[in-house]
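Trainee: Each chain, written out:
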Amino acid sequence: MLRYIVRRVLWGIALLFLVSAVIFLIFYVFPNADPAKLRAGRQANPALIEQIREQLGLSDPIWEQFLRYMTQVFTPFDWFGAAEHGGTGPLNFGRSFQSNTPVKEIILERLPATALLVAGAVVFWLLMGLPTGIISAVKRRTLLDRVTMVTSLAFISAPVFWLGLVALYLFASDVGVIHIFPGIGSYLDAETFWAKCWSLFLPWLVLAAATAAIYARYLRSSMIDVMSEDYIRTARAKGVAERNVIMRHGVRSAITPIVTLLGLDIGLLLAGNAILTESVFNIPGIGNEIVIAIRRSDLPVIQGIVLFGAFFIVTFNLIVDIAYAYLDPRVRYQ
Amino acid sequence: MRLTRLRLLLPALLLVALVGVLSSCGGSDSGTSSEEESAGIPSEFKAPTAAPDNAQQGGTLVQLNEGDIDYMDPGAAYYQVTYSVTLATQRTLMGWPPDATQPVPDLAADQPEVTDGGKTVTFTIRDGIKFSPPVDREVTSEDVKYAIERSLLPGVPNGYTAAYLGDLEGFKEAEQAVAKNKTTAPDISGIETPDDKTLVLHLTRSSSTPVIQALSLPVSAPVPEEYAKKFDAESPSTYGEHVTFTGPYMVENNSSGELTGYTPGKEIDLVRNPNWDASSDYRPAYLDEIKIQEGFADPTSASQKILSGDSQISGDFPPSKTIVQEVATGNKYSTDQMVAVPSGGNRYIALNNTLPPFGPGKGLTAEQALNVRKAVIAGSDRTALRNTRGGELFGPVATHFIPPLIPGFEEAGGLEGPNLDFVQNPDGDAKLSASYMKKAGFKSGKCEGSICDITMVGDDAPPGKDTATVFQNQLEDMGFNVNFQPVAHDIMYTKFCSVPSNEPQVCPNVGWIKDFNDPQSILQVPFSGDSINPSNNSNWPQLDDPAINKAIDQAVTITDEQQRAETWGKIDDQIMAQAPAVPWVWDNDVLVRSEDVNGVANLFNGEWDLAYTSLTNP
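Chains as they are written, first to last, in numbering that gives the first Met the number 0: chain A, 0 to 333; chain B, 0 to 617.
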């Protein structure tokens, strides 16, 4: 198992290199705004723009900029002009072209909002999705099963930004028809942890809705397969209580695809995939920040957030794979 | 009529009534001032520009913004929304009370003394103005000198110092010094400080008028050299993270001066400046705290939050058309919760005067290209273009370039515009357009042939995209074959429209906003051939007419107010006669507030004035 983990970590680092290279390529190959001109502002003369371009290190060859960045992220050395352009590393992701704020600071500032949003949403979608999937599988082809599956299809189909706006217009305490939950921008006003949690209640429900529906459908499908296996029939024949047959034998086997999904979903959301929910509710998270950075061609911020995101995805995938070994005794790693 | 049919028709009738309400506004009405008339603002949406007599001290106001300010560093700040912060936190040599149409002394004790035929300007610094903690000392003339000089550093990217203060003696030498040493502010020999209270500016020509106006911009906010030097030595400068303030408010900071109350893209927290002396300032500063919250991407829900909530105002976004209509009916919200302010800006569609068919080439002479441009303006439905922004409240249809409230507006023809037939009909005149096309050599009255295959690069998001799409249709009606490429706003400028070598035939989403209330700041950069620059160009039509260039250059040095207005008004007409672009609106800023806010708008930047706004129940 240890060798497996080490091998996965090394592959993860290689993947981060590759992701960084791809981002650099995309930034320079595809049309984007000129960050030096944006920083210089309107009416700036060409001399000032060129000076800023040099200051930001953008006049160096692309390969040099890339290697300088990798040096700053992974090493403490002053190679490729690292000290002159943003400082040495490790874990130095440079400074925003626009605000000159260290990218690490930007990410750490924004991460708690995204993390809290994701954590709460995970709890909700597991609490809603898993029981629904199990019950639907057990009560297959009943009215309850059909209603839950149609409802889940509706939630999967509804775009999350639409759902968010509808939720606001129905339930927000400021603009809603029924004043129950805190409205748009309430996260910014919240000062304590519990106030922040309460401000995220509606976003949690919105973000969880579609995922819970997907999980319910997946688990239902997986449960149906598992419940027709021989060992389930054997357990019943041995007189095991139906509840234990379902939960200990059925769910335990059926849940492995859900675990995979969970790891991927958490990693993706932490990487910024909650952008639509963050935008609708004005939650100052990672997703919000990367959209601003893309619009402003702020490469260091884009690069930093993508790397963080890739790191989360790699890490959560590894956790998921390790969890498999405990959930499914047939899985062994070498 | 059956009740069911009436029920079906009711929404339509309400809409017609609403259109009637909105369209009846903007015409003359008793009790409507000429300023509001010229900006097309109905009296019920007129923005208060003075605090009420019973305004109360205290409370916390929240301003909702979509985006961020551009720079906290006053040396680099060059954006109307940033001015909301600088007007409340910095004291510049000349300042802008909310109802001012000309700058008044702020950091300066009095109006400056202009001598030597307009080539020498002398300011006296007001007593008793102190920097906020941790600097904690009185402002001197040296601090203003340093503020101007540091704006030449590439680490302090200032876009207007060279344009407006470039006539200072020693300015060119200072620019050369910076090219060699990019982290030390150069000395500009034309700025003298004979004592702590006196600042003398020596100019190479009599351009004192634009210089004094430009010193109302944040660049003249004093900066203490002994404190800022170490930040300016970094590349780029980090003074923006450690700014010190002289106004009634400051951004919260720690004991070393680091701004803790500013998180870019998230929020700005303004608190009272303990070193501010109310007796030395025209600002009343009623509020105890102002929180600027950013990231509100949907203007509809953000506006509703403000209108339904408490102690909130809008910042950098206009309300959506839905909200405007909702407020205008007065059913859900009070109509006085929405106001409009002339922004001092214009919007126009730039026609590239260097590329056929809008410029000579491919068999087209300059005269023929001019007729094509006139045909396009004549045939454009500028009312429809204006309506893509939200309707009449968002500004009158433009007939030239100087906006209302700016000197020269009336002299250029006012709302009616110059005596040019191709700009007389705001809804478009197909017959006149056809006649100009025929003069250009297109016998059918529409553009013909491959010369009429044109490219247009515009915004990929509303409302810019809506404007571009409407214009595309209008061009196609005139015979053009338009390849419309929507791109992100910043890409549109930095890769296409502001790069002369890469500029397409049409840039539909451009415009210019005044830097101060002088027509030079509206016309010089966008229309002088001398300002065309190869990589960050703002003369989007690339108009380069020697007569206009000369007239502009000469008009800069006029010091008499009335003569300036007349001269620049004539220049506006000269520019319009060349038909370089399609002017379609003089923008109004539409602002909303919560019911418990006594909002005061500032005519300088067209935003709520944070130092004059108060709460009814703090």
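I should point out that these hints are in silico values taken from the structure, not numbers from a laboratory. Hints are not guaranteed to be accurate.
Claimed, not checked - DSS-like mimics (lysine-lysine), calculated; alpha carbons at most 27 Å apart, straight line: (1) B:Lys-229 - B:Lys-171; (2) B:Lys-464 - B:Lys-438; (3) B:Lys-320 - B:Lys-331; (4) A:Lys-103 - B:Lys-331; (5) B:Lys-464 - B:Lys-320; (6) B:Lys-118 - B:Lys-196; (7) B:Lys-229 - B:Lys-179; (8) B:Lys-228 - A:Lys-103; (9) B:Lys-229 - A:Lys-103; (10) B:Lys-129 - B:Lys-171; (11) B:Lys-228 - B:Lys-171; (12) B:Lys-290 - A:Lys-103.
Trainee: All the hints need checking, so say for each whether the structure fits it.
Mentor: Each hint, compared with the structure:
1. B:Lys-229 - B:Lys-171: Since the Cα atoms of B:Lys-229 and B:Lys-171 sit roughly 25 Å apart, the hinted pair holds (cutoff 27 Å).
2. B:Lys-464 - B:Lys-438: It is violated: about 32 Å lies between the C-alpha atoms, which goes past 27 Å.
3. B:Lys-320 - B:Lys-331: Given pair B:Lys-320, B:Lys-331 holds - Cα atoms ~15 Å apart, limit 27 Å.
4. A:Lys-103 - B:Lys-331: Distance of about 45 Å is beyond 27 Å: violated.
5. B:Lys-464 - B:Lys-320: Since the Cα atoms of B:Lys-464 and B:Lys-320 sit roughly 15 Å apart, the hinted pair holds (cutoff 27 Å).
6. B:Lys-118 - B:Lys-196: holds, 20 Å
7. B:Lys-229 - B:Lys-179: holds, 18 Å
8. B:Lys-228 - A:Lys-103: holds, 26 Å
9. B:Lys-229 - A:Lys-103: holds, 23 Å
10. B:Lys-129 - B:Lys-171: violated, 32 Å
11. B:Lys-228 - B:Lys-171: Answer holds: B:Lys-228 to B:Lys-171 is near 22 Å, not above 27 Å.
12. B:Lys-290 - A:Lys-103: holds, 25 Å
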